[in-house]
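Participant: These are the residues of each chain, in order.
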Amino acid sequence: MTETTTTTHKHQTFPVDGFENDFTLELMLFEQVTNAKEISDSIKSGSFDVEVALMNPKTIFTENIVRLATFKAIASMETKCMVTRTLHSEIIFNASPKTNINEAFRRFGAGPDSTAILVARVCDKKKEQIVVDTGNSSNSSNSEEHIREKVRKWIDGKEIAATRENLQRFADTNAIKKYYKIDAAELKIASLEDGVLMRIGAREVI
Amino acid sequence: MDIDDKEEEEEEQREEKEETTTRKTKTKTKTRTTTIDDAVEVDQDDEHLLQRILHYNNNNNNNNNNNNNNNNDGNDENRRREEQEKRLHLLSQGAEARVFSTTFLGKPCVVKQRFRKKYRHPVLDQKLTRSRLFAECRSLMKARILGVQAPTVLFVDKRSSSIFMERVEGKSLKEVLKSIAAEEDEEGEEKKEEEKTTPPRNATAEDATAAPSSSSPLSSSAHRRAVKYGREIGLIVSKLHDGNITHGDLTTSNFLVHAQTDSIYVIDFGLSKTQIVGEEDIGVDLYVLERSLVSAHSREGARVWQECLRTWKETCGKSKEAFKRYEEVRARGRKRSMVG
Ligand SMILES: Nc1ncnc2c1ncn2[C@@H]1O[C@H](COP(=O)(O)OP(=O)(O)O)[C@@H](O)[C@H]1O
Ligand SMILES: [Mg+2]
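In the order they appear, the protein sequences are chains D and R.
Mapping of the first sequence onto full-length UniProt numbering: position 181 corresponds to residue 181, and the numbering continues sequentially without gaps.
Mapping of the second sequence onto full-length UniProt numbering: position 313 corresponds to residue 313, and the numbering continues sequentially without gaps.
One chain only, chain D, in its complex shape (with noise of 0.2 angstroms):
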């Protein structure tokens, strides 16, 4: 083992329901973010080589939001129907309620003003697998560290633990009932996060 660290993972991950044998989600979580205006900037022109969805956990503010948006992301990149261009633009816009993709990306990914940003990968075990069979001396849980070493040099901030805690820590609930429309007698029988998740899930009905 040549890791410089050995403190335990912050980052975690999640199988993706129906494709667990194929995809894997990913978030680390970083907070006092001093460079957030350069980092959207590099997002916009592809100047970053890693594929990220920058996300606000201001509104994205629990795992399960940015599950379901991303499973809905795969389900439309499967069925060839995706809205924006890639995957992981995909996933943003689908954490919002509404289908207008400007509004979805100032409320629900991170911005030049972010200080705390939540970082969604999604990793393709199946690419990853061609890294392990054309002999590359690294094995697929190296390369793994390897592209978050990378975001970790990118992005200037204090790496926390992405926990559901530490998650909800960021939450500012005003703008999240705002955003989704949620309202006190909902809020009676149902947790922010179920009304939340109930928006994204049946976007298409609504």
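Keep in mind that the hints were calculated from the coordinates and are not lab data.
You may find that some hints are simply not true.
Some residues of chain R that are not near chain D, with every Cβ distance over 12 angstroms (derived) [unchecked claim]: (1) GLN275; (2) ILE276; (3) TYR287.
List of simulated lysine-lysine pairs, DSS-like, C-alpha gap at most 30 angstroms [as the list claims (entries may be wrong)]: (4) LYS107(R) <-> LYS98(D); (5) LYS273(R) <-> LYS80(D); (6) LYS107(R) <-> LYS178(D); (7) LYS335(R) <-> LYS324(R); (8) LYS10(D) <-> LYS107(R); (9) LYS178(D) <-> LYS228(R); (10) LYS188(D) <-> LYS44(D); (11) LYS320(R) <-> LYS188(D); (12) LYS158(R) <-> LYS142(R); (13) LYS318(R) <-> LYS188(D); (14) LYS158(R) <-> LYS126(D); (15) LYS98(D) <-> LYS239(R); (16) LYS58(D) <-> LYS158(D); (17) LYS127(R) <-> LYS178(D); (18) LYS58(D) <-> LYS118(R); (19) LYS181(D) <-> LYS158(R); (20) LYS80(D) <-> LYS98(D); (21) LYS127(R) <-> LYS188(D); (22) LYS335(R) <-> LYS181(D); (23) LYS125(D) <-> LYS107(R); (24) LYS335(R) <-> LYS188(D); (25) LYS44(D) <-> LYS153(D); (26) LYS107(R) <-> LYS171(R); (27) LYS117(R) <-> LYS188(D); (28) LYS188(D) <-> LYS273(R); (29) LYS37(D) <-> LYS177(D); (30) LYS181(D) <-> LYS318(R); (31) LYS181(D) <-> LYS239(R); (32) LYS127(D) <-> LYS117(R).
Using N, Cα and C, we set each Cβ at its ideal position, and we do this for glycine too.
Following the hints, complete the assembly by docking chain R with the ligands onto the known chain D.
Facilitator: Below, chain R with the ligands without anything else, positioned relative to chain D:
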């Protein structure tokens, strides 16, 4: 700040316009291009996603666990548990839909899938199935927004005509009332034994109203539960009616009693209406519920119904006019059952 809000609001209005126009054009193209060929084409792979989720079963899990053993991410344990919970599991097969139990986002979940009717014309069938799927889903969501305890929606897949929703862990009200009745019967037997030696209790006024269709009163715990369920159901129904939803199938199998909290959930909005909700619909809703409670479960059901109707009358804004209509519906029903 103010300017920001204003801008946003204006934008929202603009968007809403945009959205409705895109929707219009979408429906237009749909009617234009739908042909029998299209319907057949969709037929081939439209269940793909649902099958992927449901069929992620034992076999896959085993392979996967082996593959993942060298991957020491912290969440492996979680993942394995989630994967193992996922089984193809049929809960119910109805006339229009089947219900599967699975997990989704790591949560216990059921999938209600409407299936094709082979005897219908394929295009008509697809249209009907989809509009009913959407109607059911909308009512379910609207109910939650009104503060009615119904399962939360997690995902809708129009290709496979299925709704993914929270799984309510518990039994149907039908089963619960049956088991209460069985317990009561046992106790009743014991009481009869006692009554041989002790003089019979005087029936109180409350008991007399409590069980109109039966001679012996309910035990206090059965009584308490019946009253509690009745109140909750009355409140559910009154919120739905005030919110312009009629359920259309208020039977005791469409209420679930949560095993942990003992509280009532309403399910199955497959026959619900949300657009023009008239007093007639409300009257029928109540009558169906009464029939289901009173006829099938005698004493316990009658007690639930009594409490339910009282709560509905007290809380539903539409109760005054709608109650009259309910009585009419009821009288009609009586007449019909006397003739038939
Ligand atoms: N959210 C749920 N949680 C647990 N069980 C459910 C749920 N939804 C449905 N079921 C089970 O499936 C059965 C059929 O579902 P329902 O929606 O009533 O379909 P149908 O229209 O065929 O009657 C229910 O009686 C219940 O046992
Ligand atoms: Mg039913």
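Participant: With reference to the structure, classify each hint as holding or not holding.
Facilitator: Evaluation of the provided hints:
The claim that GLN275(R) is not at the interface with chain D holds, since no C-beta of that chain comes within 12 angstroms of its own (minimum 15 angstroms). No Cβ of chain D comes within 12 angstroms of the Cβ of ILE276(R); the nearest lies about 20 angstroms off, and the non-interface call holds. With a minimum CB-CB distance of about 27 angstroms to chain D, TYR287(R) clears the 12 angstroms threshold, and the non-interface call stands. Simply put, LYS107(R) and LYS98(D) have alpha-carbon atoms about 25 angstroms apart, close enough for the 30 angstroms limit, and the pair holds.
Only pairs whose Cα atoms come within 30 angstroms are accepted, and LYS273(R) paired with LYS80(D) is rejected, the gap being roughly 34 angstroms. A distance of roughly 26 angstroms separates the Cα atoms of LYS107(R) and LYS178(D); the hinted pair therefore holds under the 30 angstroms criterion. Between LYS335(R) and LYS324(R) the CA atoms are separated by roughly 17 angstroms; this keeps the pair inside 30 angstroms, and the hint holds. Proximity of LYS10(D) to LYS107(R) is assessed by CA-CA distance (about 23 angstroms); at most 30 angstroms being required, the pair is judged to hold.
With a CA separation close to 35 angstroms, the supplied pair LYS178(D) and LYS228(R) exceeds the 30 angstroms bound. Note on LYS188(D) and LYS44(D): the hinted pairing is violated, with a Cα-Cα distance of about 41 angstroms set against a maximum of 30 angstroms. As the CA atoms of LYS320(R) and LYS188(D) are separated by approximately 27 angstroms, the hinted pair is consistent with the 30 angstroms bound. Restraint check: the Cα-Cα separation between LYS158(R) and LYS142(R) comes to about 19 angstroms, which is no more than 30 angstroms; the hinted pair holds.
Of the pairs offered as hints, the one joining LYS318(R) and LYS188(D) holds, with about 23 angstroms between alpha carbons and a cut-off of 30 angstroms not exceeded. Restraint check for LYS158(R) and LYS126(D): the C-alpha separation of about 28 angstroms stays at or below 30 angstroms, so the hint holds. Proximity of LYS98(D) to LYS239(R) is assessed by CA-CA distance (about 27 angstroms); at most 30 angstroms being required, the pair is judged to hold. Our distance criterion of 30 angstroms between C-alpha atoms is met by LYS58(D) and LYS158(D), whose separation comes to about 17 angstroms.
Pair hint LYS127(R) plus LYS178(D) does not hold up; C-alpha atoms about 34 angstroms apart against a cutoff of 30 angstroms. For the proposed pair LYS58(D) and LYS118(R), the alpha carbon gap of about 49 angstroms is over 30 angstroms, so the pair is violated. Distance check on the hinted pair: LYS181(D) and LYS158(R) sit about 24 angstroms apart at the alpha-carbon level, within 30 angstroms; holds. For the hint pairing LYS80(D) with LYS98(D), the CA-to-CA distance comes to about 20 angstroms; that is within 30 angstroms, so the pair holds.
Proposed proximity of LYS127(R) and LYS188(D) is contradicted: the alpha carbons are some 35 angstroms apart, above 30 angstroms. Simply put, LYS335(R) and LYS181(D) have alpha-carbon atoms about 47 angstroms apart, too far for the 30 angstroms limit, and the pair is violated. As the CA atoms of LYS125(D) and LYS107(R) are separated by approximately 24 angstroms, the hinted pair is consistent with the 30 angstroms bound. For the given pair, LYS335(R) sits about 42 angstroms from LYS188(D) by alpha-carbon distance, which is inconsistent with the 30 angstroms threshold.
Taken as a hint, the LYS44(D) and LYS153(D) pair is honoured in the structure, with Cα atoms around 18 angstroms apart against an allowance of 30 angstroms. Between LYS107(R) and LYS171(R) the CA atoms are separated by roughly 18 angstroms; this keeps the pair inside 30 angstroms, and the hint holds. Distance restraint check for LYS117(R) and LYS188(D): the Cα-Cα separation of roughly 39 angstroms exceeds the 30 angstroms cut-off, and the hinted pair is therefore not satisfied. For the hint pairing LYS188(D) with LYS273(R), the CA-to-CA distance comes to about 24 angstroms; that is within 30 angstroms, so the pair holds.
Proximity of LYS37(D) to LYS177(D) is assessed by CA-CA distance (about 27 angstroms); at most 30 angstroms being required, the pair is judged to hold. Between LYS181(D) and LYS318(R) the CA atoms are separated by roughly 26 angstroms; this keeps the pair inside 30 angstroms, and the hint holds. Distance restraint check for LYS181(D) and LYS239(R): the Cα-Cα separation of roughly 19 angstroms lies within the 30 angstroms cut-off, and the hinted pair is therefore satisfied. Taking the CA atoms of LYS127(D) and LYS117(R), the gap is about 41 angstroms. The hint is violated against a cut of 30 angstroms.
Comparing the model with each numbered hint stated earlier shows that hints 5, 9, 10, 17, 18, 21, 22, 24, 27, 32 do not hold.
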